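Protein chains in written order, with our numbering: chain L, 8 to 387; chain Y, 8 to 387; chain D, 19 to 371; chain X, 19 to 371.
Everything labelled a hint here was simulated from the structure, so no lab data went into it. All values reported here derive from a predicted model rather than from experimental measurement. We put the beta carbon where it would ideally sit given N, CA and C, even for glycine. It is possible that part of the hints are untrue.
Said to hold, decoys possible - Using 25 Å as the maximum straight-line C-alpha spacing, the simulated BS3-like pairs for lysine-lysine come out as follows:
no., chain 1, residue 1, chain 2, residue 2
1, L, 201, D, 68
2, X, 326, D, 299
3, D, 326, X, 326
4, L, 263, D, 68
5, Y, 47, Y, 221
6, L, 201, Y, 221
7, L, 221, X, 271
8, D, 240, D, 271
9, L, 367, D, 226
10, D, 226, D, 240
11, L, 47, L, 221
12, D, 326, X, 271
13, X, 68, Y, 367
14, Y, 367, X, 271
15, Y, 342, Y, 331
16, L, 263, Y, 312
17, X, 271, X, 240
18, L, 312, L, 331
19, Y, 64, Y, 342
20, X, 326, X, 264
21, D, 226, D, 264
22, L, 221, Y, 263
23, Y, 201, X, 68
24, D, 271, D, 326
25, L, 221, L, 201
26, D, 326, Y, 221
27, L, 299, L, 64
28, D, 264, L, 367
29, L, 221, Y, 312
30, L, 64, L, 367
31, X, 240, X, 326
32, D, 299, D, 226
33, Y, 263, X, 68
34, L, 331, L, 342
Unchecked claim - Pair by pair, the computed Cβ-Cβ distance ranges are:
no., chain 1, residue 1, chain 2, residue 2, range
35, L, 364, Y, 69, 50 to 58 Å
36, X, 225, Y, 368, 24 to 32 Å
37, X, 225, L, 364, 31 to 39 Å
38, Y, 343, L, 357, 32 to 40 Å
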Amino acid sequence: MTTTPNTNATPPESPASLTKHPLQVFDPQGAIPPLETIMKMHRFMVMVRLWDDRSLKLQRSGRIGFCVTSHGEEATQLGVAAALRDNDWLFPAYRQHGLAMWRGVSLLDLAAQLYGSADDRCEGKQMPCHWSFADKYFASYSSVIGTQIVHATGAAMAAQISGNPEQLAVTFFGDGSTSANDFHSALNLAGVRKAPALFVCVNNQWAISLPVEKQTASETIAIKGSAYGMPGVRVDGNDVLAVYQAVLAMADRARKGEGPALLELLTYRVHPHSSSDDPSRYRATEGVEAWKSFDPIQRLEAYLKYHHAMTDEALQAIWEAVEKEVYEATDEAYKVAPPAWETVFDDVYSELTPQLEEQKAELLQHETGLVLAHAGAFPL
Amino acid sequence: MTTTPNTNATPPESPASLTKHPLQVFDPQGAIPPLETIMKMHRFMVMVRLWDDRSLKLQRSGRIGFCVTSHGEEATQLGVAAALRDNDWLFPAYRQHGLAMWRGVSLLDLAAQLYGSADDRCEGKQMPCHWSFADKYFASYSSVIGTQIVHATGAAMAAQISGNPEQLAVTFFGDGSTSANDFHSALNLAGVRKAPALFVCVNNQWAISLPVEKQTASETIAIKGSAYGMPGVRVDGNDVLAVYQAVLAMADRARKGEGPALLELLTYRVHPHSSSDDPSRYRATEGVEAWKSFDPIQRLEAYLKYHHAMTDEALQAIWEAVEKEVYEATDEAYKVAPPAWETVFDDVYSELTPQLEEQKAELLQHETGLVLAHAGAFPL
Amino acid sequence: MIKPETPATVSFDILPKPIGPQPQREAVVPITMVQAINEALWQAMSTDEKVVIMGQDVGLNGGVFRVTEGLQQQFGEARVIDMPLSETAIVGSAVGMAVYGLKPVIELQFADYMFPAFDQIVSEVAKLRYRSGGEMACPMVIRAPYGGGIRGGGYHSQSPEAYFTQTPGLKVVIPSTPADAKGLLLAAIQGNDPVIFLEPKRIYRTAKERVTTDATPIEIGKARLVQEGTDLSVFCYGSMVEICQKAADKLKKEDGVSVEIIDLRTLTPIDETSILNSVRKTGRAMIVYEAPKTCGYGAEIAAIIAEKAIDSLQAPVKRVGGFDTPFPYTLESVYLPHPARVLRVMRELLAYN
Amino acid sequence: MIKPETPATVSFDILPKPIGPQPQREAVVPITMVQAINEALWQAMSTDEKVVIMGQDVGLNGGVFRVTEGLQQQFGEARVIDMPLSETAIVGSAVGMAVYGLKPVIELQFADYMFPAFDQIVSEVAKLRYRSGGEMACPMVIRAPYGGGIRGGGYHSQSPEAYFTQTPGLKVVIPSTPADAKGLLLAAIQGNDPVIFLEPKRIYRTAKERVTTDATPIEIGKARLVQEGTDLSVFCYGSMVEICQKAADKLKKEDGVSVEIIDLRTLTPIDETSILNSVRKTGRAMIVYEAPKTCGYGAEIAAIIAEKAIDSLQAPVKRVGGFDTPFPYTLESVYLPHPARVLRVMRELLAYN
Ligand SMILES: Cc1ncc(C[n+]2csc(CCOP(=O)(O)OP(=O)(O)O)c2C)c(N)n1
Ligand SMILES: Cc1ncc(C[n+]2csc(CCOP(=O)(O)OP(=O)(O)O)c2C)c(N)n1
Ligand SMILES: [Mg+2]
Ligand SMILES: [Mg+2]
């Protein structure tokens with residue numbers, strides 16, 4: 008209670024002390040996926056990394072108001088993505104764009120969302136990084152921590168009810184989100200119904216400024232599964248093949264009707280929480296540096312090189328090609344204008360109500376000539 | 008998923024199968040409390056039983072609109088009551104009047120609340136059995152399942168902050184309530200803060216018509232403690248000395264600053280959920296009969312007789328004396344008129360707002376002559 | 019912008035099918051609101067196998083008010099689901115079900131217990147379509163018995179409609195008769211938007227009327243003219259309709275005055291046309307509702323009149339609501355608008371010059 | 019009825035004490051609303067050791083808007099508590115703390131995140147005093163930044179005041195200047211009732227003014243006259259005050275018309291007297307707020323005027339609100355009432371005959 012303000016200077020769990028035996032599969036004897044898949048994972052991990060770097064630059068230069076990045080958490084996205092089927096429903100939070108990329112969402116679509124332009128598939132209704140792509144079974148995330156978790160339970164129950172119990176619903180959330188009401192509701196209900204759902208907790212050890220040990224006193228996140236009658240699996244979240252393995256195993260189980268699982272992917276939030284955050288206020292840099300040396304892309308590349316699957320030059324070429332793609336898409340999408348004013352009334356309901364008709368008519372009649380303030384950064 | 012409607016005909020856990028080793032202390036070698044305390048527990052368990060019988064009769068005869076009873080769950084109340092200190096805060100639900108009795112709340116006060124009369128310390132603002140007695144550290148329960156659990160965490164944190172870490176906050180809730188948002192929030196926060204709180208789950212195996220195994224898939228309720236970094240203790244809730252022991256142990260721990268605990272008191276809801284419920288719609292009578300033979304009062308009386316602490320006649324005398332008390336109080340309190348109309352405006356705020364002043368003046372000016380509909384039973 | 023087609027996600031092979039035909043009844047025999055709602059649910063489930071019922075005690079127990087009686091026996095546990103004690107779980111999982119393609123019809127045990135699900139309702143159900151630019155949506159119906167008059171005290175009697183009418187993305191419907199309950203519920207289930215469907219439990223079984231046996235929906239967005247009148251317009255809904263009728267009857271008898279009563283019935287969208295036409299005709303308006311007066315739904319009706327029909331007004335717009343207090347137990351009949359109070363205010367309005 | 023005395027439950031031996039004196043500043047140097055609120059918190063904590071601050075990231079991080087900057091360093095972790103990510107836990111535990119005798123001052127990170135705590139706020143905080151017949155109470159302050167104008171999209175921009183103004187048992191306060199923010203917050207913390215204290219984040223740092231250095235509370239329940247006028251009354255609050263001032267300035271300059279602007283400031287209890295006096299003087303009234311128009315707080319003001327000042331009205335009562343949509347991202351400046359829209363409606367009202 009009366010600890011001094013600086014107790015959290017050391018990161019709660021440094022890479023050297025991954026003691027609670029998380030699953031790891033960087034062993035060529037293991038049933039790892041084909042090299043082709045691993046290469047694809049790698050490419051998309053690089054894409055996420057470069058996308059995030061680019062987003063931050065766009066934010067710093069004022070082209071977009073806000074972004075969230077996932078530096079260091081790429082394996083938690085692509086390891087899961089690769090282990091799922093294409094029609095498994097995803098209920099992500101805001102650091103899971105890697106799954107959209109894997110599923111084939113174009114970088115132009117992603118970029119349009121960052122700008123909230125007329126091409127944005129959310130019609131400029133949501134802030135950057137809150138994308139959704141229904142055709143890719145990539146559901147919409149509000150911003151309200153945790154709500155998506157229980158949506159996943161519902162989708163999984165729906166699959167069961169509709170005679171498709173092999174179709175999973177997979178949701179993502181952070182360590183902080185495990186404190187939310189909806190985490191509890193979701194896992195409890197899924198446990199009772201044996202719903203084909205996977206609950207993926209990306210434990211990056213921080214919720215903005217709160218370290219995970221002030222978030223919950225439970226020994227691990229994984230152990231929380233027992234409260235809901237489901238297995239809890241703790242995985243090295245910077246080991247993309249471990250993530251892949253663990254998801255595959257739990258997915259298999261769920262598809263067979265054996266019920267849901269909780270996966271804890273242990274990683275670290277290397278970047279600030281978002282473009283608005285300043286971590287120097289609340290954490291020391293040691294932890295960050297330690298985890299940087301535990302980088303999931305570097306580890307995967309070391310593996311690929313060790314097994315002579317890739318050379319430094321080939322890797323370099325991938326980074327360059329992807330970077331070009333990212334820049335082209337974000338530059339191209341920037342040219343698109345914002346949505347027309349009257350679209351502000353669309354999609355409240357399936358049709359306009361009389362009240363909305365009236366408000367729309369008033370806007371169109373009186374206010375087309377106005378020049379309104381634009382852009383400006385989200386200050387936090 | 009496609010089970011037939013009658014799977015819950017057999018009770019989920021019959022007394023014969025109390026297999027998960029709950030704590031039991033009907034053993035004279037154990038550190039049970041002094042005989043005097045046991046006798047007091049017994050007397051109040053009898054009082055709860057007879058109070059409940061009387062309430063049901065008052066409800067059936069139309070004197071009160073509603074009641075909830077705790078037949079068979081008396082040990083969960085008095086076992087806890089006896090193990091606590093008088094200034095430990097209680098945050099009960101609606102089946103814990105035994106604790107109020109133990110703390111010295113008069114039967115007249117309890118009866119006034121049933122009638123919602125002018126003497127009711129809640130001023131007729133709450134439905135029957137939703138009492139509160141701030142002077143006895145017996146907090147007010149709304150009706151909304153689970154909300155009180157997190158209040159207890161707050162009170163325990165307040166004790167800590169205020170330099171009274173030995174003063175506990177003890178909350179009660181049912182098996183059904185463990186699904187509520189507030190259960191999760193409360194235990195998680197208490198775990199993080201090592202707050203001196205005890206979370207007492209009275210697992211009577213039903214939440215209205217829902218049996219506990221459809222409420223949660225967790226193996227026990229006690230195991231849920233691990234999700235919050237606190238011990239979970241499973242106790243035979245019909246064994247008043249076991250309850251006493253377990254609470255004492257966990258209270259001791261909490262007072263020493265070692266943190267909160269979850270206690271699961273396994274019992275059975277012998278009566279209908281409330282005076283409005285008809286269990287024949289959803290459960291067979293076998294379970295009820297089985298648990299009746301496992302009655303906590305009978306078990307305590309058998310113990311007292313076996314150890315020659317009491318005779319049949321002495322026990323008989325207690326039942327008769329208590330019954331007289333109960334009848335006298337409920338008859339006496341019935342004579343009191345309802346609260347004055349204008350009290351409807353009291354205690355919204357610490358003072359009347361201008362809006363309430365106006366509404367009160369209007370009522371007093373215009374409507375004193377009206378004869379309004381009265382009483383009638385709460386239909387569920 | 020041309021959007022990618024969302025694939026018909028999957029096949030729907032929903033089990034089990036109904037086990038028997040719907041029970042027959044005589045169309046001429048009046049039925050209660052509970053029966054009418056039960057019938058609407060039965061018919062909706064029979065004609066659309068994607069309709070799923072979820073709630074606490076809705077299965078064998080048939081709901082604490084018996085509204086879902088018999089449905090689980092008929093349609094099976096997969097489609098009539100007894101849920102754990104978490105309104106967040108109920109509403110939140112329904113969002114996922116609706117996204118998947120099912121049509122959830124939720125029963126929350128009391129409207130007072132909508133609050134633990136409030137975030138899911140207001141942040142998710144109401145806004146999913148908007149925030150996804152229309153790519154996703156979660157049409158569903160959230161049913162809950164609301165209002166006082168049954169001695170349920172502060173947590174079994176509240177009228178929370180205004181919390182939802184101020185939330186864009188939700189429709190809010192409150193029937194006041196068995197026939198309306200059936201027709202509006204059918205429309206709500208068939209519609210493409212989320213509907214908060216509040217049922218005045220006080221009149222669940224008190225009033226009976228004839229209700230068509232077939233499944234004809236009643237359009238959402240239209241008020242119902244309860245009785246025509248020329249001297250005063252009264253706007254109300256739910257169990258207050260009957261209270262207003264009683265007051266109007268007395269006024270007719272004793273003062274010979276003709277009151278127009280309009281049951282607003284669908285609170286969102288608002289049927290402004292009916293409201294304004296009536297006020298323009300009578301020149302006097304009052305609104306009766308049982309929620310706390312201040313910032314209740316009646317304020318919106320008064321505001322619309324003040325904004326758009328001020329010239330027609332010959333008197334102030336009056337609201338009769340519950341008091342600005344939590345809902346009391348013993349004194350609930352003092353708290354609730356009763357015919358005498360409504361009558362008094364009617365007379366005040368008519369006397370105004 | 020004579021009630022038993024509730025014993026002063028326990029001794030309060032709160033640790034740690036402040037570690038240093040409050041930082042001094044020059045009274046003449048204007049400060050921002052963020053600074054003013056920070057100072058109010060600092061002073062409240064210094065004078066009453068039962069005041070405790072709770073919220074997400076309020077400790078070392080000083081809150082995401084830096085409103086609690088420096089407080090944990092000053093008053094310690096026991097009194098400035100970083101809470102887990104559950105608004106239910108924050109508000110619910112504050113109820114227990116208040117029952118125990120402490121005075122919690124909560125920061126919820128955005129008003130949009132009051133919804134996960136909605137049940138605790140509406141069912142518990144608002145009603146504990148009532149339902150216990152006054153034996154218990156939970157005075158506390160729930161602070162939250164609200165409103166748009168910072169490009170925060172649908173879940174960092176909402177204006178939820180009307181959800182709370184219709185909930186008896188709560189007071190609702192919205193300051194529009196640094197000085198008001200300080201004085202009203204001090205009053206809220208000193209008071210005996212729960213207060214929802216919504217802070218217009220859009221003007222957190224944009225406007226500065228001189229604020230007294232001493233801890234003088236401003237009475238809750240009184241509106242503030244922003245500028246006197248004779249031709250039209252404008253009622254507003256929060257960041258809309260400035261918008262209305264801009265429109266009124268232009269109207270003065272271009273049309274020579276004199277507008278009275280009243281900052282409602284405390285939404286519950288309502289200062290009816292100020293509202294009605296102004297309308298009786300000017301004969302024309304409008305309300306400006308950024309929440310969705312329908313069923314927003316402006317409806318109540320319009321209803322009060324329609325109920326009590328109808329004879330003085332020379333024109334309809336107009337509301338300028340946000341649209342009846344969720345809060346958009348890209349088009350937020352189309353959505354929000356802006357001076358030009360306010361000006362147009364002012365002119366419409368003045369032209370009305
Ligand atoms: C209900 C709610 N409360 C607060 C916030 C503000 N907030 C946004 S992100 C965040 C931390 C989330 O932490 P975690 O779940 O661990 O995810 P991470 O950001 O680490 O990926 C908070 C508190 C919110 N969005 N929703
Ligand atoms: C939030 C909420 N939802 C639903 C209800 C209706 N309800 C009252 S008691 C109850 C069951 C409670 O079960 P449990 O927690 O096991 O307590 P028990 O009645 O068995 O003592 C329900 C669903 C309620 N009061 N509050
Ligand atoms: Mg995190
Ligand atoms: Mg129970």
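Each hint, compared with the structure:
Taking the CA atoms of residue 201(L) and residue 68(D), the gap is near 20 Å; set against the 25 Å cutoff, the hint holds. Straight-line distance between C-alpha atoms of residue 326(X) and residue 299(D) comes to about 22 Å, which keeps the hinted pair within the 25 Å bound. Our distance criterion of 25 Å between C-alpha atoms is met by residue 326(D) and residue 326(X), whose separation comes to about 17 Å. For the suggested pair residue 263(L) and residue 68(D), the alpha carbons sit about 23 Å apart, so the restraint of at most 25 Å is met.
Pair hint residue 47(Y) plus residue 221(Y) does not hold up; C-alpha atoms about 37 Å apart against a cutoff of 25 Å. At most 25 Å may separate the alpha-carbon atoms for a hinted pair to count; residue 201(L) and residue 221(Y) meet this at roughly 11 Å. For the hint pairing residue 221(L) with residue 271(X), the CA-to-CA distance comes to about 57 Å; that exceeds 25 Å, so the pair is violated. Pair hint residue 240(D) plus residue 271(D) does not hold up; C-alpha atoms about 30 Å apart against a cutoff of 25 Å.
Taken as a hint, the residue 367(L) and residue 226(D) pair is broken in the structure, with Cα atoms around 42 Å apart against an allowance of 25 Å. Proximity of residue 226(D) to residue 240(D) is assessed by CA-CA distance (about 22 Å); at most 25 Å being required, the pair is judged to hold. Note on residue 47(L) and residue 221(L): the hinted pairing is violated, with a Cα-Cα distance of about 37 Å set against a maximum of 25 Å. Proposed proximity of residue 326(D) and residue 271(X) is contradicted: the alpha carbons are some 29 Å apart, above 25 Å.
At roughly 35 Å between alpha-carbon atoms, residue 68(X) and residue 367(Y) are farther apart than 25 Å, so this suggested pair is violated. For the hint pairing residue 367(Y) with residue 271(X), the CA-to-CA distance comes to about 46 Å; that exceeds 25 Å, so the pair is violated. Only pairs whose Cα atoms come within 25 Å are accepted, and residue 342(Y) paired with residue 331(Y) is accepted, the gap being roughly 17 Å. Taking the CA atoms of residue 263(L) and residue 312(Y), the gap is near 56 Å; set against the 25 Å cutoff, the hint is violated.
For the suggested pair residue 271(X) and residue 240(X), the alpha carbons sit about 30 Å apart, so the restraint of at most 25 Å is broken. The straight-line distance between the Cα atoms of residue 312(L) and residue 331(L) is roughly 24 Å, inside the 25 Å bound, and the hint therefore holds. Of the supplied pair hints, the one linking residue 64(Y) and residue 342(Y) holds, its CA atoms being roughly 17 Å apart against a limit of 25 Å. Simply put, residue 326(X) and residue 264(X) have alpha-carbon atoms about 29 Å apart, too far for the 25 Å limit, and the pair is violated.
Between the alpha carbons of residue 226(D) and residue 264(D) the distance comes to roughly 17 Å, so the proposed pair stays at or under 25 Å and holds. Annotation: proposed proximity of residue 221(L) to residue 263(Y) holds, straight-line Cα distance about 21 Å (limit 25 Å). Distance restraint check for residue 201(Y) and residue 68(X): the Cα-Cα separation of roughly 20 Å lies within the 25 Å cut-off, and the hinted pair is therefore satisfied. Pair hint residue 271(D) plus residue 326(D) does not hold up; C-alpha atoms about 32 Å apart against a cutoff of 25 Å.
Annotation: proposed proximity of residue 221(L) to residue 201(L) is violated, straight-line Cα distance about 31 Å (limit 25 Å). Distance hint between residue 326(D) and residue 221(Y) is unfulfilled; the C-alpha atoms sit about 54 Å from each other, more than 25 Å. Proximity of residue 299(L) to residue 64(L) is assessed by CA-CA distance (about 20 Å); at most 25 Å being required, the pair is judged to hold. Taking the CA atoms of residue 264(D) and residue 367(L), the gap is about 41 Å. The hint is violated against a cut of 25 Å.
For the hint pairing residue 221(L) with residue 312(Y), the CA-to-CA distance comes to about 51 Å; that exceeds 25 Å, so the pair is violated. A hinted pair counts as satisfied when its Cα atoms are at most 25 Å apart, and residue 64(L) with residue 367(L) does not qualify at roughly 36 Å. Of the supplied pair hints, the one linking residue 240(X) and residue 326(X) holds, its CA atoms being roughly 19 Å apart against a limit of 25 Å. A hinted pair counts as satisfied when its Cα atoms are at most 25 Å apart, and residue 299(D) with residue 226(D) does not qualify at roughly 31 Å.
Between residue 263(Y) and residue 68(X), the direct Cα distance comes to roughly 23 Å. Compliance with the 25 Å bound is thereby established for this hinted pair. For the hint linking residue 331(L) to residue 342(L), the alpha-carbon distance of about 17 Å falls within 25 Å, and the restraint holds. Checking the proposed 50 to 58 Å range against residue 364(L) and residue 69(Y) shows it holds: the Cβ atoms sit about 54 Å from each other. For the pair residue 225(X) and residue 368(Y), the supplied restraint of 24 to 32 Å is violated, since their beta-carbon distance comes to about 41 Å.
For residue 225(X) and residue 364(L), the hinted distance range of 31 to 39 Å is satisfied, since their beta carbons lie about 37 Å from each other. Distance hint for residue 343(Y) and residue 357(L): a CB-CB separation of about 57 Å, inconsistent with the stated range 32 to 40 Å.
Hint check: violations occur at hints 5, 7, 8, 9, 11, 12, 13, 14, 16, 17, 20, 24, 25, 26, 28, 29, 30, 32, 36 and 38; the rest are consistent with the structure.
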